[in-house]
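*Asks:* Model the full structure from these sequences, guided by the hints.
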Amino acid sequence: AAGVIQSPRHLIKEKRETATLKCYPIPRHDTVYWYQQGPGQDPQFLISFYEKMQSDKGSIPDRFSAQQFSDYHSELNMSSLELGDSALYFCASSPPWLAGVSYEQYFGPGTRLTVT
Amino acid sequence: GQQVMQIPQYQHVQEGEDFTTYCNSSTTLSNIQWYKQRPGGHPVFLIQLVKSGEVKKQKRLTFQFGEAKKNSSLHITATQTTDVGTYFCAGPSESNYQLIWGAGTKLIIKP
Numbered sequence: 879a880a881g882v883i884q885s886p887r888h889l890i891k892e893k894r895e896t897a898t899l900k901c902y903p904i905p906r907h908d909t910v911y912w913y914q915q916g917p918g919q920d921p922q923f924l925i926s927f928y929e930k931m932q933s934d935k936g937s938i939p940d941r942f943s944a945q946q947f948s949d950y951h952s953e954l955n956m957s958s959l960e961l962g963d964s965a966l967y968f969c970a971s972s973p974p975w976l977a978g979v980s981y982e983q984y985f986g987p988g989t990r991l992t993v994t
Numbered sequence: 016g017q018q019v020m021q022i023p024q025y026q027h028v029q030e031g032e033d034f035t036t037y038c039n040s041s042t043t044l045s046n047i048q049w050y051k052q053r054p055g056g057h058p059v060f061l062i063q064l065v066k067s068g069e070v071k072k073q074k075r076l077t078f079q080f081g082e083a084k085k086n087s088s089l090h091i092t093a094t095q096t097t098d099v100g101t102y103f104c105a106g107p108s109e110s111n112y113q114l115i116w117g118a119g120t121k122l123i124i125k126p
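Protein chains in written order, with our numbering: chain S, 879 to 994; chain G, 16 to 126.
Derived by calculation from the structure, the hints in this document are not laboratory data. You may find that some hints are simply not true.
[Said to hold, decoys possible] Derived contacts from chain S toward chain G, CB cut-off under 7 Å, selection only:
#1 920
#2 921
#3 923
Just so it is clear, the structure is predicted and the values come from calculations on it, not from any experiment. Idealized CB from N, CA, C, for every residue including glycine.
*Replies:* Structure (structure tokens):
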């Protein structure tokens with residue numbers, strides 16, 4: 879079965895540089911989520927998109943932006959990188975929502991970002 | 016704000032012993048989901064519980080959802096090395112489509 883694809887898997891950047899992370903959700907999933915996970919922490923929700931529109935915003939810094947394209951893939955753009963941005967970044971997708979029931983999220987393998 | 020609390024943070028067990036993690040929400044949940052994250056891996060969906068008092072089993076894993084739909088537990092019988100990882104519970108936010116995650120319980124098998 880198709881899974882969520884993320885690229886790149888690893889990324890090393892220097893402080894103040896920019897980074898773009900890509901996510902390809904499972905086909906026919908209409909919601910995409912971005913998470914940041916630091917060592918030993920639970921995933922922190924950054925932002926989500928439903929049918930290509932931003933649906934929710936979590937603890938996403940103003941230096942970060944994201945969008946979802948017509949083919950449903952999503953990109954997370956990170957500018958003015960800081961050392962504290964070093965983390966695992968996960969993308970997840972979920973199938974169409976039915977009223978009153980939230981569907982499970984399927985996570986990609988993640989992008990490990992290291993800022994030096 | 017809405018919170019999901021999970022305990023313990025870590026649990027060390029001998030292989031073959033049982034393991035339990037507990038999840039408690041500050042609000043009534045429409046459902047609760049459980050995920051497992053292996054070391055170096057990504058969270059993997061295990062199960063979703065929707066009904067009050069629901070109990071579901073997956074082989075050696077037993078999931079329960081409390082009558083008040085505010086707490087849940089995951090119990091693993093006779094742990095194996097393949098069970099190692101962090102188990103997260105997560106419940107939907109009251110106000111949007113986000114999942115509110117517990118902090119996770121890390122299952123460690125003693126050598």
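*Asks:* Evaluate each hint against the coordinates.
*Replies:* To see whether the hints hold, each was checked on the structure:
Restraint check, residue 920 (chain S) versus chain G: the minimum CB separation of about 4 Å is within 7 Å; hint holds. Taking 7 Å as the C-beta contact cut-off toward chain G, the hint placing residue 921 (chain S) at the interface holds, the least distance being around 6 Å. Satisfaction of the interface hint for residue 923 (chain S) is found here, the shortest Cβ-Cβ separation to chain G being roughly 5 Å, below the 7 Å cut-off.
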